[in-house]
Amino acid sequence: MKEVKAQLNNYRASPRKVRVVANLVAGKKVKDALTQLAFLAKKSSTPVAKLIKSAINNAKNNFKVQNEDSLRVKKITVDPGPILKRIRPRSRGMANRINKRTSRITVVLSE
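With this note's numbering applied, the sequence shown corresponds to residues 35 to 145, in that order.
Note that these hints are calculated values from the structure, not bench results. The C-beta atom is built at its ideal place from N, Cα and C for all residues, glycine as well. Heads up, some of the hints might be wrong.
[As the list claims (entries may be wrong)] Label-pair distances were calculated between CB atoms; the ranges are: (1) 123 x 65: 47 to 55 Å; (2) 87 x 121: 34 to 42 Å; (3) 77 x 129: 37 to 45 Å; (4) 124 x 98: 54 to 62 Å; (5) 108 x 77: 18 to 26 Å.
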């Protein structure tokens, strides 16, 4: 079987915070990764778990994989997405710029 890929674009969380979750599941079996994400108290653990489930379904539908227990998280990358720039008013007519960062998460599974 080839590699199976799933991608989540423009997720509204900082890449730095999402990488903490991504590094926990990298290299693990899919079942173990989903179990660990279910009990993790981080905001980005839910979308990462959904993304892994999406990659599992891609493997079943596109590559006819029967046994999902044989799948591993080969690679998971978190890259910066587009930044939403916002203005926060300050005293004496000034303003500061607030950067709302987004992430692009890519999961690659293999047997």
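**Request:** Would you pick out the hints that fail for this structure and give their numbers low to high?
**Result:** 3
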